[in-house]
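Residue numbers (the working numbering), protein chains in the order written: chain C, 1 to 165; chain U, 1 to 165.
No lab work stands behind these hints, which were simulated from the structure alone.
Wrong hints could be hidden among the right ones.
When chains are identical, the list treats them as one kind, so a pair holds in a single copy or across two.
[Said to hold, decoys possible] Straight-line C-alpha distance at most 25 Å; calculated SDA-like pairs for lysine to any residue: (1) Lys104 with Glu49; (2) Lys131 with Ala74; (3) Lys8 with Lys136; (4) Lys146 with Leu133; (5) Lys136 with Gln9; (6) Lys146 with Gln9; (7) Lys131 with Ser109; (8) Lys136 with Thr66; (9) Lys8 with Lys108; (10) Lys146 with Asp61; (11) Lys103 with Arg34; (12) Lys146 with Pro16.
Number of protein chains: 2
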Amino acid sequence: MAHHFEFKQIGVIRTPYTDSAPYQPVVNDEGEFRIVLQREYAQGLADLETFRYIYVLYFVDRLTRTTVMIEHPAWTPDTNVGLFASRSPVRPNPLGLSVVQLKKIVGKSIFTSGLDVFDNTPLLDIKPYIKDLDSKNDANYGWIEKLAGNKQHLLLHIMGIPHGY
Amino acid sequence: MAHHFEFKQIGVIRTPYTDSAPYQPVVNDEGEFRIVLQREYAQGLADLETFRYIYVLYFVDRLTRTTVMIEHPAWTPDTNVGLFASRSPVRPNPLGLSVVQLKKIVGKSIFTSGLDVFDNTPLLDIKPYIKDLDSKNDANYGWIEKLAGNKQHLLLHIMGIPHGY
Numbered sequence: 001m002a003h004h005f006e007f008k009q010i011g012v013i014r015t016p017y018t019d020s021a022p023y024q025p026v027v028n029d030e031g032e033f034r035i036v037l038q039r040e041y042a043q044g045l046a047d048l049e050t051f052r053y054i055y056v057l058y059f060v061d062r063l064t065r066t067t068v069m070i071e072h073p074a075w076t077p078d079t080n081v082g083l084f085a086s087r088s089p090v091r092p093n094p095l096g097l098s099v100v101q102l103k104k105i106v107g108k109s110i111f112t113s114g115l116d117v118f119d120n121t122p123l124l125d126i127k128p129y130i131k132d133l134d135s136k137n138d139a140n141y142g143w144i145e146k147l148a149g150n151k152q153h154l155l156l157h158i159m160g161i162p163h164g165y
Numbered sequence: 001m002a003h004h005f006e007f008k009q010i011g012v013i014r015t016p017y018t019d020s021a022p023y024q025p026v027v028n029d030e031g032e033f034r035i036v037l038q039r040e041y042a043q044g045l046a047d048l049e050t051f052r053y054i055y056v057l058y059f060v061d062r063l064t065r066t067t068v069m070i071e072h073p074a075w076t077p078d079t080n081v082g083l084f085a086s087r088s089p090v091r092p093n094p095l096g097l098s099v100v101q102l103k104k105i106v107g108k109s110i111f112t113s114g115l116d117v118f119d120n121t122p123l124l125d126i127k128p129y130i131k132d133l134d135s136k137n138d139a140n141y142g143w144i145e146k147l148a149g150n151k152q153h154l155l156l157h158i159m160g161i162p163h164g165y
C-alpha cells in the first residue's frame with residue numbers, strides 16, 4: 001500500500017554553509033541567505049514581500065546515514081526520543097521545514113534571515129507564515145522542557161546559536 | 001536542471017471531510033481527526049505526546065486544476081496574489097502543511113484538532129511544533145491585512161471557520 005509521489009526542484013537555497021550547518025536557523029548569522037526560484041516560478045513571488053515570516057520547504061539532499069525510529073539529538077546525545085518527536089533531518093521522507101524572516105525580494109531571489117541548510121539545497125515550496133494561523137502562543141517545548149538543566153542553555157541549542165558551554 | 005525526488009506515504013489522515021473541506025484547520029470542528037501511521041513507523045511516535053502542537057505534512061491528492069502563478073483565493077476571489085503569497089493547495093509541488101493541536105496518541109494513531117484535508121489524504125511527515133523556534137510573536141498577516149473591510153471577518157476566513165456573511 002505504500003504509494004510514492006514525485007516532487008520537483010523549483011529553485012535552490014544558497015547559504016554560507018558548505019561543510020557544516022547549524023541544527024536550527026540562526027536568525028542573525030553572518031553571510032548571505034538567498035532562495036533563488038527557477039525562472040518559470042518567479043511570477044508566483046508577487047505579494048510575498050508583505051509577509052514578515054515565511055515557511056521554506058526543501059529536500060534534505062546531504063544525508064549520510066539511514067533513518068531510525070529512535071533518535072539521539074546531536075545536542076543531547078544521551079537522550080532517546082521518537083523520530084517524529086525530533087527535528088532530525090533523517091526521516092522517512094527527507095523533507096525540511098524552516099521558518100525564517102523575509103528581508104527582501106529582488107527579481108527571482110528571496111533574501112532571508114539565517115537558514116539551517118547546506119548551500120545548494122533544492123527548494124520544494126515557499127508558503128506565507130500567517131499570524132494566528134501559524135503562530136501559536138500556547139505552544140510548548142515538549143520533552144525538551146523536561147530535560148534537566150539550564151533552560152536558557154537549552155534555548156541556545158534549540159535556536160541553533162553557537163555557544164561555548 | 002529540474003531534479004525530481006521521490007517521497008513515500010508513511011500513513012493516512014482520516015477526517016470527516018469526504019466532499020468538501022475547509023480552507024484552513026477548524027480547531028473545534030466536529031468529528032474525529034486521526035492520523036494513522038503505517039506499522040513500521042509507529043515506534044517513531046514515542047515522546048511526541050509531550051508536544052501541544054504538531055506540524056502535519058501531506059500530499060494533496062485530490063486537486064482538480066493545474067497550477068497558476070497568480071491565485072484568486074476562494075474567500076476573496078477578486079484579489080490577485082502571487083501563488084507563493086497564498087496558501088492555495090495548487091502548487092508546483094502539492095505539499096500540504098497544517099499546524100494542529102495534538103490531543104492524544106493511541107498505538108499508531110494520533111488524534112488531533114481539526115485538519116483541513118479530505119479523508120484518506122496520504123501522510124508524508126510529522127514534526128513537533130516547538131515554542132520560540134516556530135511561534136513567532138511578531139508575525140503579520142501580509143497582504144491579507146491590507147484588504148478593506150472587517151478584520152474579524154477576515155480572521156474567520158483565515159481560520160477556516162464557517163460563517164454566514
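Hint check results:
Taking the shortest alpha-carbon separations for Lys104 and Glu49, only the intra-copy value of 6 Å comes in at or below 25 Å, while the best inter-copy value is 38 Å. For a Cα distance limit of 25 Å, the shortest separation of Lys131 from Ala74 across copies, 19 Å, qualifies, whereas the shortest one inside one copy, 31 Å, does not. When the C-alpha separation of Lys8 and Lys136 is checked against a cutoff of 25 Å, the pair qualifies neither within a copy, at 31 Å, nor between copies, at 29 Å. Taking identical chains as interchangeable, the C-alpha atoms of Lys146 and Leu133 lie at most 25 Å apart only when they sit on different chains, with a minimum of 17 Å there against 27 Å within one chain.
Proximity of Lys136 and Gln9 under a CA criterion of 25 Å is satisfied in neither setting, with 30 Å inside one chain copy and 28 Å between copies. Proximity of Lys146 and Gln9 under a CA criterion of 25 Å is satisfied in neither setting, with 39 Å inside one chain copy and 32 Å between copies. In the homo-oligomer, the alpha carbons of Lys131 and Ser109 lie at most 25 Å apart inside one protomer (24 Å), although the nearest pairing across protomers, at 29 Å, exceeds that limit. In this assembly of identical chains, Lys136 and Thr66 lie within 25 Å of each other by CA distance neither inside one copy nor across copies; the values are 32 Å within and 32 Å between.
In the homo-oligomer, the alpha carbons of Lys8 and Lys108 lie at most 25 Å apart inside one protomer (18 Å), although the nearest pairing across protomers, at 30 Å, exceeds that limit. For a Cα distance limit of 25 Å, the shortest separation of Lys146 from Asp61 qualifies neither inside one copy, at 32 Å, nor across copies, at 38 Å. With identical chains, the CA atoms of Lys103 and Arg34 are at most 25 Å apart within one copy only, with a shortest distance of 10 Å there and 37 Å across copies. For the identical chains of this complex, Lys146 and Pro16 are neighbours neither inside a copy (34 Å) nor across copies (35 Å), given an alpha-carbon limit of 25 Å.
Of the numbered hints given earlier, the model fails hints 3, 5, 6, 8, 10 and 12; all others are met.
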